[in-house]
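Please take these sequences and the hints and turn them into a complete structure.
Heads up, the sequence shown is in this note's numbering, so the first residue is 135 and it goes up one at a time.
Honestly, the hints are just simulated from the structure, not real lab data. Backbone N, C-alpha and C define an ideal beta-carbon position, used for all residues, glycine too. Treat the hints with care, as some may be off.
As the list claims (entries may be wrong) - Simulated restraints on C-beta separations:
| id | residue 1 | residue 2 | range |
| --- | --- | --- | --- |
| 1 | Val205 | Ala162 | 28 to 34 Å |
| 2 | Lys213 | Arg161 | 37 to 43 Å |
| 3 | Leu214 | Glu237 | 35 to 41 Å |
| 4 | Arg230 | Asp200 | 43 to 49 Å |
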Amino acid sequence: MDWGGPFFVLAIIAMSTGGWIVNNWIRARHGYEPTNDWGGFGGRRHKRHGGMNWMTGRHTDGDIDDDRKIVLLTNENEKLTGQVSRLEERIAVLERIATDPAERTAREIDALRDR
135 MDWGGPFFVL
145 AIIAMSTGGW
155 IVNNWIRARH
165 GYEPTNDWGG
175 FGGRRHKRHG
185 GMNWMTGRHT
195 DGDIDDDRKI
205 VLLTNENEKL
215 TGQVSRLEER
225 IAVLERIATD
235 PAERTAREID
245 ALRDR
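Here you go:
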């Protein structure tokens, strides 16, 4: 292989172009803008994550959506916590019924009927 020949130069150009294409393909899949011919690029296209922009040090536009998501998730968390506590109480009752002697359970059922 002749290191100074035109095919070697063309191979280097082809490899560089191929690397640039693969790089931009990976960037596009992860939501970043592709680079231009001179290496310049923008931030994320999709403001999915909000927070600080690593280039400017400023907050992104997703803050309002993030605050709304936090409120919704907090409400859902409270609801699910209540459901879990009620289910724990019910499981405790079922465990007591399963492990207590049948005689005691029958007495408690009769006491509830007499009320």
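A quick look at each hint next to the structure:
1. Val205 / Ala162: 28 to 34 Å: The hinted range 28 to 34 Å holds for Val205 and Ala162, with Cβ atoms some 32 Å apart.
2. Lys213 / Arg161: 37 to 43 Å: Holds, since Lys213 and Arg161 (Cβ atoms, about 39 Å apart) stay within the stated range.
3. Leu214 / Glu237: 35 to 41 Å: 38 Å, holds
4. Arg230 / Asp200: 43 to 49 Å: 45 Å, holds
The structure shown violates none of the earlier numbered hints.
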